Amino acid sequence: ATPASPASPQGEPPEQQPVVLSTHSPAALKVGTQQIIPKGLASEIKVTTKAGAQKAETSKRVLKVRSMVESPSLPLVADAEEEAEGELDSPGALRRGLRSTSYRRAVVSGVDFDSSLNLKKKNRMSQPILKAVVEDKEKFASLGRIKKKMLKGQGTFDGEENAVLYQNYKEKALDIDSDEESEPREQKSDEKVVFHYKPLRSTWSQLSVVKKNGLSEAISQEERKRQEAIFEVISSEHSYLLSLEILIRMFKNSRELSLTMTKTESHHLFSNITDVYEASKKFFTELEARHQNSIFIDDISDIVEKHSSAFDPYVKYCTNEVYQQRTLQKLLATNPAFKEALSRIEAHEDCRSLPMISFLILPMQRVTRLPLLMDTICQKTPKDSPKYENCKRALKEVSKLVRLCNEGARKMERTEMMYTINSQLEFKIKPFPLVSSSRWLVKRGELTAYVEEPGLFSKRTCKQQVYFFLFNDVLIITKKKSEESYNVTDYSLRDQLVVQQCEGEDLTSSPVKNTSTMLYSRQSSAAHLFRLTVLSNHAGERVELLLGTETQSDRARWITALGRDRDRQTTDRTTLTQVEITRTYTAKQSDELSLQVADVVLVYQKVTDGWYEGERLRDGERGWFPMECAKEITCRATLDKNMERMGRLLGLETNV
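The sequence shown begins at 1 in UniProt numbering and counts up by one.
Keep in mind the hints are simulated off the structure, nothing from the lab. Since we're looking at a predicted model, the values are computed, not measured.
Label-pair restraints from in silico Cβ distances:
#1 E389 to N422: 46 to 52 Å
#2 Q424 to K282: 43 to 49 Å
#3 S266 to D640: 44 to 50 Å
#4 F427 to T574: 45 to 51 Å
#5 E222 to S423: 56 to 62 Å
#6 P626 to E416: 24 to 30 Å
#7 V597 to K212: 30 to 36 Å
We treat Cβ as the ideally placed atom computed from N, Cα and C, and that holds for glycine.
Between the sequences and the hints, there should be enough to build the whole structure, so can you do that?
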């Protein structure tokens, strides 16, 4: 039937135009209704709908042509299950926004299906599929075989040949808006979609057994979100375990790589990663057994609490982090044989083009994410339920584990740093023992000091370069001789320091009481100044210094470090700006903050030249980081939820 045309604005009946279908056009009639296309653009599928089966012969197959909007260089991933069971509007119809069947099949729980469904799935899975998917199966076939050997008996995740490695696994619990629907939004039929291949993972609601039994619709929305959070702990642990297996098999156990370094270097590089893997394997085995026992999991808090107290290998591994990083940097810089062997291994298909360092840092990443995952379960659990108290105990245990790992890593790094600095200092005044287990470096760096020197008729101001080593309890003032040698000229206890930013009216003031001398010369007009008063130095004298930095952020960072921000404890955190980290940042100085993607940070200071000073929500660590790594959170509900989460993770009192 010809569709009715819209009425004309004048109300006159529209002129009926004959409609010619493309298959009846002169061009189509000329070449015929059947045309030859390249075989590479199509795959064969069976018509499984009743209407289609009546129209098609039993042995005849129809060709499904790739969408022309798809990028030629990118493979297409479609969901065979929904495609086969749904209605095909036409032989060339392309269903959009669908999931990869390989992962879907892999995570189906071990539930008995009726024979007709099994037969249906068997027939469907044996059908030819798009060539791009076949290529990826071949690419990761060896990885799948190895994984089955290493993780024998894991029925839920067996056969997941293109499983997501933990480097690419994005926990939904780490998202700012984690309450969004788990089901992917359906694409409108007229939307043009370009498919980019990416290994996909399933959520709890997308498991075949959940869909088949209608569990997702049979429970409340909050309980469904809780099930999603529980399942994410299990699926992310599986992804993490798979990445650890690749690290051990491809790198640690590589004879080619081991021949290029000493046993000590190998130990510093890989530490006790095998013990970490075994601990994670036991943890995952219990989690999966709970999942296999019932697709609807009542709780996993007892498992998390039990294994968190047995995760000692993580503390040892994180403590070794400073040696690990230094060893890797040294080997890459001074050992060409190691570098070449490492490049060859990283290029292997099983490593999926990921560098070894991305595997080495995974235990540190995993241990910091566990509290966030458990907190999400806690958030979705009714507070009047016994399960809520169980979840809080588990959260407390994993948070304790994170603190132990952080303390171990910091202690080793600080001790190493103290010995290094102590060997570089030459005391020109009365020395004192620097190395102490309770002392650590807060900040170091070069500053410009403006001092007065006697002239022929009056005092004159000149500039001197000084180098500060600020520790948690003492400030050491030196003059730099070389990169590894410093002459100590003064020192003072930190509680004897008073710091003050110079305002506009202070720019012509002398650093001492004599105000007749012009301090600011044209050459130094770009400096960012602040005053430092030492109430009692090493000789018991009062000293006043006028100091300058090259940038505004440098000045803010020194003032913060020297003054210790005395109002910090009284700050109402609910009034602070919150930002989400969009790009990983690794601290380059002692007062900076290392951040992972999706971290939330409370901002205490903003400097106009591009730096924030903030507090990391997940563990309360303070430090500086560049603005370009973050975006501000503006949703009020999200801000309140983040403060509630911080209260659970750190035990802080909030006003929310």
